[in-house]
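Given only the sequences and the hints, what does the whole structure look like? Please build it.
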Amino acid sequence: MTFVRVCSENEVPPGEALRTESAAGPVALFNVDGEFFAIEDTCSHGQWSLADGYLTGDKIECTLHMAKFCVRTGKACTLPATKPVKIFPVERRGEDVLVDFDGGRYAA
Amino acid sequence: MMTVIIRRNEKRSPNVDLSDVFDEQAGTISPVIYSDPDIYQMELERIFSRSWLFIAHETHIPKAGDYFSTYMAEDPVIAVRQKDGGVRVFLNQCRHRGMKICRTDSGNAKAFTCTYHGWAYDIGGNLVQVPLEEQSFPGLDKSKWGARQARVESYKGLIFATWNEEAPALAEYLGDFRYYLDTVLDASEGGTEAIGGIVKWIIPCNWKFAAEQFCSDMYHGTMSHTSPITAAITEEFPALDPTALSGFQFRASNGGHGTGFFEAPAGTSWGFRIVQAAGLVEGFDPEAAHSRQAAHLGDKRGTIFSQHLSIFPNFSVFNGASTARVWHPRGPNEIEVWAFGLVDKAASDAEKEQVRLMTLRTFSAAGTWEQDDGENWVEVQRVLRGHEARQTKFNIQMGAGATRNEGADFPGTISNAYAEEAARGLYAQWFKLMSDEEGTSSKRGAYVHAAE
Numbered sequence: 000m001t002f003v004r005v006c007s008e009n010e011v012p013p014g015e016a017l018r019t020e021s022a023a024g025p026v027a028l029f030n031v032d033g034e035f036f037a038i039e040d041t042c043s044h045g046q047w048s049l050a051d052g053y054l055t056g057d058k059i060e061c062t063l064h065m066a067k068f069c070v071r072t073g074k075a076c077t078l079p080a081t082k083p084v085k086i087f088p089v090e091r092r093g094e095d096v097l098v099d100f101d102g103g104r105y106a107a
Numbered sequence: 000m001m002t003v004i005i006r007r008n009e010k011r012s013p014n015v016d017l018s019d020v021f022d023e024q025a026g027t028i029s030p031v032i033y034s035d036p037d038i039y040q041m042e043l044e045r046i047f048s049r050s051w052l053f054i055a056h057e058t059h060i061p062k063a064g065d066y067f068s069t070y071m072a073e074d075p076v077i078a079v080r081q082k083d084g085g086v087r088v089f090l091n092q093c094r095h096r097g098m099k100i101c102r103t104d105s106g107n108a109k110a111f112t113c114t115y116h117g118w119a120y121d122i123g124g125n126l127v128q129v130p131l132e133e134q135s136f137p138g139l140d141k142s143k144w145g146a147r148q149a150r151v152e153s154y155k156g157l158i159f160a161t162w163n164e165e166a167p168a169l170a171e172y173l174g175d176f177r178y179y180l181d182t183v184l185d186a187s188e189g190g191t192e193a194i195g196g197i198v199k200w201i202i203p204c205n206w207k208f209a210a211e212q213f214c215s216d217m218y219h220g221t222m223s224h225t226s227p228i229t230a231a232i233t234e235e236f237p238a239l240d241p242t243a244l245s246g247f248q249f250r251a252s253n254g255g256h257g258t259g260f261f262e263a264p265a266g267t268s269w270g271f272r273i274v275q276a277a278g279l280v281e282g283f284d285p286e287a288a289h290s291r292q293a294a295h296l297g298d299k300r301g302t303i304f305s306q307h308l309s310i311f312p313n314f315s316v317f318n319g320a321s322t323a324r325v326w327h328p329r330g331p332n333e334i335e336v337w338a339f340g341l342v343d344k345a346a347s348d349a350e351k352e353q354v355r356l357m358t359l360r361t362f363s364a365a366g367t368w369e370q371d372d373g374e375n376w377v378e379v380q381r382v383l384r385g386h387e388a389r390q391t392k393f394n395i396q397m398g399a400g401a402t403r404n405e406g407a408d409f410p411g412t413i414s415n416a417y418a419e420e421a422a423r424g425l426y427a428q429w430f431k432l433m434s435d436e437e438g439t440s441s442k443r444g445a446y447v448h449a450a451e
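Those sequence lines, one after another, are chains U and W. So the first sequence is numbered by numbering that gives the first Met the number 0: it starts at 0 and just counts up by one. So the second sequence is numbered by numbering that gives the first Met the number 0: it starts at 0 and just counts up by one.
Wrong hints could be hidden among the right ones.
Said to hold, decoys possible - The list that follows gives simulated cross-link-like pairs (lysine-lysine, BS3-like), each with its CA atoms no further than 27 angstroms apart:
id : chain 1 : residue 1 : chain 2 : residue 2
1  : W       : K62       : W       : K351
2  : W       : K82       : U       : K85
3  : W       : K62       : U       : K58
4  : W       : K155      : W       : K344
5  : W       : K351      : W       : K431
6  : U       : K67       : W       : K155
7  : W       : K109      : U       : K74
8  : U       : K82       : W       : K141
9  : W       : K109      : U       : K67
10 : U       : K58       : W       : K351
11 : U       : K67       : W       : K141
12 : W       : K344      : U       : K82
Derived by calculation from the structure, the hints in this document are not laboratory data. All figures in this text were calculated on a predicted structure; none of them were measured in a lab.
In C-alpha cells:
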C-alpha cells in the first residue's frame with residue numbers, strides 16, 4: 000500500500016474534480032463537501048473523462064451520455080452505463096490529499 | 000438486377016430567368032425577387048453560401064466552451080469559443096443521421112452529444128465518441144466524420160463565418176465600408192459589447208426588405224415613424240426639421256454594403272436617444288459620451304448620428320437606437336429577426352442603461368419604431384400574393400446620377416441621405432452573385448475597392 004500525494008486540499012474546492020495520471024491509468028479525485036474520493040477517470044460506457052463531468056452531491060455525471068456514477072462506490076447509477084468503475088483509497092495528511100494507486104478495486 | 004442511380008446536382012440549375020429582375024440603369028426592380036420560391040432556393044446557394052455571414056458578437060461567447068446556437072441562412076450552426084481563444088463555427092448536424100448535436104440556445108459545453116444515437120463531438124466539432132463503436136462501427140475513422148466546419152473571421156468584435164473557401168478575407172470583403180462601420184464598432188477605446196439577451200421574432204416578409212431598408216432607407220422615417228416621433232416630442236427635445244438636416248448615404252464600392260446618417264446639429268446627438276427612452280437616466284452625461292466618441296473617432300464621423308447600415312447580405316445595425324440584428328431568411332415570405340443591443344465597452348453603467356431603455360422602447364420585438372417597419376414589410380409581402388402585383392416593376396431611382404466622390408469630407412460614393420444609391424449597390428451585388436453560376440464574383444480578387 001503506497002499512498003502518493005496528489006494535491007493540497009485547497010487546490011480542489013468542494014464540488015470540483017482533478018484528473019491525474021497514474022500507473023493504474025487516469026484517476027479522478029473529487030471533493031464532496033470537504034470529503035475526498037478517487038475513482039477511475041474513464042467512463043465505463045463511453046471512454047470519456049469523468050473528472051470533466053458535472054458533480055452533484057456524490058454523483059458524477061459524464062458529459063458525453065449523461066451516465067452517472069457514485070464517487071463513493073464507483074457503481075453505475077444510471078444507463079447507459081452498466082459497469083462500475085474502480086475506487087481508490089484516499090488519505091489526508093495535514094492539508095495534503097494522497098491516493099493509493101495500487102489499491103484500485105471494485106466495491107463489493 | 001438493375002441499378003438505379005438518382006443524381007441530384009448540389010447546385011440548383013437556374014430555371015428562373017433573372018435577366019430582367021434588376022436594371023440599375025433604368026432604376027427598376029421586379030418584385031418576383033421577394034416572392035419566388037425558386038429564386039429563394041438560388042439565394043441560399045448563390046448568396047448565402049458564398050458570402051460572409053454574421054454569427055455573434057465576441058462578448059456573447061467570452062470563455063472556453065461558451066457556445067451560441069445560430070443560423071447561416073437556413074443552416075443551423077454552433078459557434079464555440081475554443082481553449083486557445085479562437086472561435087469555431089460548425090454545422091449543427093450529426094454526421095450519422097443528421098440530428099442537431101446542440102439543441103439549446105447558448106451556454107457552456109464540454110462536449111456536444113447527439114440525442115438520437117449518441118455520437119459525441121468535442122467543443123471543436125471533432126467526432127470523439129461513437130456508442131458501441133467496436134460492435135457497431137469497427138474501423139470507423141472518426142477523424143473523417145467531424146461536424147462540417149465553416150471559415151471564421153472577426154472584425155472589431157463581430158464574428159462572421161462563410162462556407163466559401165475561396166471568399167476573400169473578411170476585411171477585404173468589407174473593404175471601404177469599414178470606415179463607416181467603425182463609427183459603430185470603434186467609437187471608443189475597447190470597442191463594443193453586446194447587452195441584454197437575443198430578442199427573436201418572426202416577420203412574414205422577404206429578408207431583402209429589411210436588409211435594404213437598413214442599408215439605404217432614411218426616406219421612410221418621416222412618414223412611417225411619425226407616430227413614435229410625435230409621441231416623444233417634449234419642449235426640451237422638439238422635433239427636428241428633416242429638410243434642415245444635413246445627411247449622407249454611402250454605397251460601398253464593392254460587396255453590396257451601405258449606410259446612411261445625419262450630421263448632428265450641435266448638442267443634439269444624444270437627444271433622440273434620450274427622448275425615445277422617455278427621459279434621461281440618472282447619472283448619464285450625454286455631453287461626455289458625445290465628446291468621448293468624437294475624440295476617439297477623430298474626424299468628421301464624430302458628428303454622425305442616427306446611422307443605419309447593412310453588411311451584405313443580412314446583418315444590420317441602427318446606431319440611432321444601438322440595435323444590431325440578423326435577418327435569418329425562412330423561405331421567400333418570412334424572416335426570423337435576431338436582435339441585440341450594442342454599446343461601447345467604455346460606457347458608464349448609466350449610459351448602458353440609457354441605451355438599453357431606448358433600444359427596448361424603439362427597436363425590439365415590442366418597440367414602437369419596429370412595429371412601423373414590420374407593418375410595411377408584411378403588407379408589401381401580402382400584396383405580392385397577387386399575380387399582377389408580382390409583374391409590376393418597382394421604382395428604385397431615387398438620387399440616381401446625383402452621387403459624388405469624396406463629398407463633404409465623407410469619403411467614397413456619397414449621396415444625399417434621402418437616396419437609393421446604397422440600395423442599388425445591394426441589389427447590384429445580389430444580381431451579380433445570382434447571375435454567376437460558378438461563383439467567380441464571390442472569390443478572392445473579385446472584391447476591388449476604391450483606394451482607402
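Under the criterion that the straight-line Cα-Cα distance not exceed 27 angstroms, is the pair W/K82, U/K85 satisfied?
-> violated, 30 angstroms
Pairwise hint evaluation, W/K155 against U/K67, where the allowed Cα distance is 27 angstroms at most = Violated. U/K67 to W/K155 sits at ~43 angstroms, over the 27 angstroms cutoff.
For the pair we were handed, W/K109 and U/K67, check the Cα-Cα distance against 27 angstroms.
-> holds, 16 angstroms
Is it true that the CA of U/K67 sits at most 27 angstroms from the CA of W/K141?
-> The given pair, whose Cα atoms are some 25 angstroms apart, holds under the 27 angstroms limit.
27 angstroms Cα cutoff - pair W/K344, U/K82 = Violated - the C-alpha atoms of U/K82 and W/K344 are around 51 angstroms apart, more than 27 angstroms.
Straight-line Cα separation of U/K82 and W/K141 no greater than 27 angstroms?
-> Satisfied, since the Cα-Cα distance of roughly 25 angstroms is no more than 27 angstroms.
Keeping to a limit of 27 angstroms between CA atoms, is the pair of W/K155 and W/K344 held or broken?
-> holds, 12 angstroms
Taken at face value, is the distance from the CA of U/K58 to the CA of W/K62 at most 27 angstroms?
-> Measuring from Cα to Cα gives roughly 26 angstroms; hence the hint holds.
Take the C-alpha atoms of U/K58 and W/K351, compute the straight-line distance between them, and say whether it is at most 27 angstroms.
-> Since the Cα atoms of U/K58 and W/K351 sit roughly 42 angstroms apart, the hinted pair is violated (cutoff 27 angstroms).
Verify the proposed pairing of W/K351 with W/K431, using a straight-line Cα cut of 27 angstroms.
-> violated, 41 angstroms
Under the criterion that the straight-line Cα-Cα distance not exceed 27 angstroms, is the pair W/K62, W/K351 satisfied?
-> holds, 22 angstroms
Quickly compare the C-alpha distance for W/K109 and U/K74 to 27 angstroms and report which way the hint goes.
-> Distance ~23 angstroms between W/K109 and U/K74 Cα, so the pair holds.
Violation of the numbered hints given earlier is confined to hints 2, 5, 6, 10, 12; the remaining hints are satisfied by the structure.
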